[in-house]
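S.K.: Please work from the sequences and hints to get the whole structure.
Protein chains in written order, with the numbering used here: chain A, 1 to 163; chain B, 1 to 774.
Just so you know, the hints here were simulated from the structure itself, not pulled from any lab data. Treat the hints with care, as some may be off.
[Unchecked claim] Under the rule of at most 20 Å between Cα atoms (straight-line distance), these lysine to any residue pairs were calculated in the SDA-like manner:
no., chain 1, residue 1, chain 2, residue 2
1, B, K134, A, P145
2, A, K24, B, E138
3, B, K134, A, T150
4, A, K24, B, G735
5, B, K485, B, V470
6, B, K521, B, A534
7, A, K88, A, G116
8, B, K485, B, A609
9, B, K134, A, H11
10, B, K162, A, G47
11, B, K134, A, S134
12, B, K134, A, E6
13, B, K134, B, V550
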Amino acid sequence: MHLLREPLVLHGELEYGGHDRLGKRVEAPFREITTIGNGVVRVEREGRAAREISLDRVPALAALLGGFSALLGGDAATLASRYVLDVKLGADTWTLTLRPRDAELARHLREIVVDGRDREPACFALEETSGDASVLLLGELAAVPLAHPTRAQLTVLCRRVGS
Amino acid sequence: MSPLRRHALIVLSWILLGAAALAVRHDLVVTSDLRSFMPPARDADHQLVLDEIGNGPAAQLLLLAIDGAPPAELARLSAGLAAALATDARFARVLNGGDDSTAIDPNLLPYRYLLSPTLDTTRFDAAFLGAELKQREEDLAAPGVEAITDLIPRDPTLEVLKLAQRWQPAHPPARREGVWFSARGQALLLVQTRAAGFDPAAQAEAVEALRRHFAGLPEAGAARLTISGPGYFAVEVANTTRTEAERLSAIGILGFALLLLLAYRSPGVLAVVALPLAAGALGGLAAIVFAFGGVHGITLAFGFTLLGVAQEYPLRLFSHRRAGVTVAASTATVWPLLQLAIVSACIAYLALVASGVAGLQQLAVFTISGLLIAGAVTRWFLPVVVAPVFVDVTSSSWLERWRGVLARMPRPRWLPWLVLAGAAGAVWFAPAPVWQNDLAELAPVPAPQLQREGELRAALGAPDVRHLLVLQADSADGVLALSEKIAPEAEQWVSGGIVDDIELPSRYLPSLATQRARQEKLPDRAALNAALDAALADRDFQPGLFTPFVDDVEAARSLPLLTADGFVHSPFGARLQALLVQRGTRWYGLAAVSGVHDAQALVQRVRTAPLGGVRLLDLKAASEALVADYRERILLALGAALVLLAATVAIFFRDLHRAWRVVAPMSLATLAVLAVLRLCGVSLSLFHLVALTLAAGLGLHYALFFERPLADAAEARRTLHATLVCVASAVLVFGLLATSTLPVLRAIGVTVALGVAFHFCLSTQMAQRSRHAD
Numbered sequence: 001m002h003l004l005r006e007p008l009v010l011h012g013e014l015e016y017g018g019h020d021r022l023g024k025r026v027e028a029p030f031r032e033i034t035t036i037g038n039g040v041v042r043v044e045r046e047g048r049a050a051r052e053i054s055l056d057r058v059p060a061l062a063a064l065l066g067g068f069s070a071l072l073g074g075d076a077a078t079l080a081s082r083y084v085l086d087v088k089l090g091a092d093t094w095t096l097t098l099r100p101r102d103a104e105l106a107r108h109l110r111e112i113v114v115d116g117r118d119r120e121p122a123c124f125a126l127e128e129t130s131g132d133a134s135v136l137l138l139g140e141l142a143a144v145p146l147a148h149p150t151r152a153q154l155t156v157l158c159r160r161v162g163s
Numbered sequence: 001m002s003p004l005r006r007h008a009l010i011v012l013s014w015i016l017l018g019a020a021a022l023a024v025r026h027d028l029v030v031t032s033d034l035r036s037f038m039p040p041a042r043d044a045d046h047q048l049v050l051d052e053i054g055n056g057p058a059a060q061l062l063l064l065a066i067d068g069a070p071p072a073e074l075a076r077l078s079a080g081l082a083a084a085l086a087t088d089a090r091f092a093r094v095l096n097g098g099d100d101s102t103a104i105d106p107n108l109l110p111y112r113y114l115l116s117p118t119l120d121t122t123r124f125d126a127a128f129l130g131a132e133l134k135q136r137e138e139d140l141a142a143p144g145v146e147a148i149t150d151l152i153p154r155d156p157t158l159e160v161l162k163l164a165q166r167w168q169p170a171h172p173p174a175r176r177e178g179v180w181f182s183a184r185g186q187a188l189l190l191v192q193t194r195a196a197g198f199d200p201a202a203q204a205e206a207v208e209a210l211r212r213h214f215a216g217l218p219e220a221g222a223a224r225l226t227i228s229g230p231g232y233f234a235v236e237v238a239n240t241t242r243t244e245a246e247r248l249s250a251i252g253i254l255g256f257a258l259l260l261l262l263a264y265r266s267p268g269v270l271a272v273v274a275l276p277l278a279a280g281a282l283g284g285l286a287a288i289v290f291a292f293g294g295v296h297g298i299t300l301a302f303g304f305t306l307l308g309v310a311q312e313y314p315l316r317l318f319s320h321r322r323a324g325v326t327v328a329a330s331t332a333t334v335w336p337l338l339q340l341a342i343v344s345a346c347i348a349y350l351a352l353v354a355s356g357v358a359g360l361q362q363l364a365v366f367t368i369s370g371l372l373i374a375g376a377v378t379r380w381f382l383p384v385v386v387a388p389v390f391v392d393v394t395s396s397s398w399l400e401r402w403r404g405v406l407a408r409m410p411r412p413r414w415l416p417w418l419v420l421a422g423a424a425g426a427v428w429f430a431p432a433p434v435w436q437n438d439l440a441e442l443a444p445v446p447a448p449q450l451q452r453e454g455e456l457r458a459a460l461g462a463p464d465v466r467h468l469l470v471l472q473a474d475s476a477d478g479v480l481a482l483s484e485k486i487a488p489e490a491e492q493w494v495s496g497g498i499v500d501d502i503e504l505p506s507r508y509l510p511s512l513a514t515q516r517a518r519q520e521k522l523p524d525r526a527a528l529n530a531a532l533d534a535a536l537a538d539r540d541f542q543p544g545l546f547t548p549f550v551d552d553v554e555a556a557r558s559l560p561l562l563t564a565d566g567f568v569h570s571p572f573g574a575r576l577q578a579l580l581v582q583r584g585t586r587w588y589g590l591a592a593v594s595g596v597h598d599a600q601a602l603v604q605r606v607r608t609a610p611l612g613g614v615r616l617l618d619l620k621a622a623s624e625a626l627v628a629d630y631r632e633r634i635l636l637a638l639g640a641a642l643v644l645l646a647a648t649v650a651i652f653f654r655d656l657h658r659a660w661r662v663v664a665p666m667s668l669a670t671l672a673v674l675a676v677l678r679l680c681g682v683s684l685s686l687f688h689l690v691a692l693t694l695a696a697g698l699g700l701h702y703a704l705f706f707e708r709p710l711a712d713a714a715e716a717r718r719t720l721h722a723t724l725v726c727v728a729s730a731v732l733v734f735g736l737l738a739t740s741t742l743p744v745l746r747a748i749g750v751t752v753a754l755g756v757a758f759h760f761c762l763s764t765q766m767a768q769r770s771r772h773a774d
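M.R.: And the structure:
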């Protein structure tokens, strides 16, 4: 169901801790730490009790994690086996689009778009099939204050990292 | 009659009995509904107590644990089992901790605003909605939220989830993998059966269905399902008792058959010896079906015990057969006395009919018809099919020696008085409590199972089976209003650590007044739209997304208030039904109490609560009081029975002295058994009383036959032979029961075996004539 008018913008960082371990820290607009490891997803949000879910119960997330491991681990072969890859290169920026091959994942997730510059990813966007999207702004962008950007504004921002 | 025709007749009679058994079995309803066993209710209050014993809101709950597989697997099994049970009509409700957005019937969805307490403390204004919508946005950024995304447009404040939460147990187990898990890593489920807790047949069906559903899950594999709870225990205990009783009876029957072969040296008697008892039992059951329709299991157990007397009838007939005399003629010589025994016993049991207790009346009808039919079969059918003897089985020399020993035995006049004084002293002074009123103690649940039950109950926060908070009012809504008034008190008891939770009926359905107050706080469409627009200013939700929400609030504003009848069809309707009941013209709320840490304090707090119409019901104490009441009536009835019996014997003899010689040893032996039981520290239960009555019935036979004036030593030998066979068989069969580890079987076994021995000894001492000897 398409709930949101504009993408949900989050500020924070991603942390890849080696095979099958991933951390996501959201600093704004709320504080939340998500850790994936040992087959368990743990979500800690300020003011609420921590939630733990087995990765098995969130197949979309498991597939996502697989993609991440491959992406951040530099395993192009695995990445290509799970996603249809599309890379656009700018002067010193790049945009990587991943479309899931896994049918179950594709049911919810249309594509993952990662924008970056040099070796640093800057924006990490999950585009859902419903039309909703969430964008995690990383690194320098995490500190940029934004008041309800539209999708177009976000795209511009992500592709012009640091310039 | 030719042997061939005799055999044919025997076979035919067994076939007829078998057919009759099938017919009776088809029509007989055996219940364990205490109402058909206990004295009738005096008033609505008493009725409620009767109804709730074994059938309270806690008694219908089964506690399940699944283990033996990795957690993710267990979680899938838990979800699979919950889904399977949800489609089975035997189960009213299944909780496994899983996300449940179907807490209320889809048709009742707009009612969530009247059912949820949200509006008690807030209004649907811009500030409240803004805060809620901000949280929803955050929710959307978290993984695994597919479950609530569909809910948001219609229910942005997630009232449905708040209700689902409110209707979960107060202290649910920890959730892992999205379902409940115990600290020991078992997946936990809580199931409410539709069947009453006291109905073992229906509970057995439910347990069977549970196992089948579990085994049918594709991933069941090596995982193990553990079931616990009162209904399950009722099934288990009944099974254990039946298995043990059947095992001991099988050995007993084998021993009895060997004894008969030894005593009569003819296999022919084996084919017919059980005919009178079988016919009597069937006749008794048929009479129950005819007169009452259903019977309580305990009444039936009592009835079969009392009917054991009839097993002596054919033995008397066999022992008194004489060479050269037809069986009909030899039977005629013992018949008057046997008839007296049967008639006097039947008259005595009439006292039970006058008790006014359904269970006792059924017992009387069963026993009286059984004894009459067994007597009739012995008198008029057995002589036709039993072969006459050519050599007296009683002519052996050892029997004559025994007769001589018994006849010459000293019979000091002081002996009975000494026994009387000793027995009375022992009964009076023995330290153990006289009565055991807890029926559950007689068929206890094995300790490991009980411990597991305690652990599961604590882990699931499931209600206590013993305590119940009873709210009383004139109407269902009155009970709900009272329930809301007591709720703050109950919260204090919980926060004070006295109990873990009190599940009040108003938790599920608020009173009409409360619903009306919430309804009046709901904004109209214009006001809500304005508040929503303001709340959405800072948010990124699609325009028009919340139209279903606005429609629902508008609908809720004009809904007719929800009554208990209307709530019944929602998924938690069955729970409310268990907590809100009508008896006569009164309505009762039955609040289940969980995790009682300080029963004393709870009793105190409920008593001093500043509200009328609320009290704490201790179901264990109530059931013990009922059993004590029942026992009083049994004792009274048995006392009257003894008087009737003595009067019948005296009238028959037209000789008080002879009647005394029959009734005195019987009464004294009964007292002596009581004395021994008391000295051994046994507290007496209903089963002891019934066993004492059976023993007294057997003792009546011994005394009657020993007292009989006899023509010659040969007849005395036959009497002694018959009595010895009777005593030996009773001691054998009941002595075996006495070896059981199950208290109920041991109670019957020990009491009857002891009783038979005492009755025999005292009869030889006090009833036997020695004039004709030597």
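S.K.: Please list, smallest to largest, the hint numbers that this structure does not respect.
M.R.: 4
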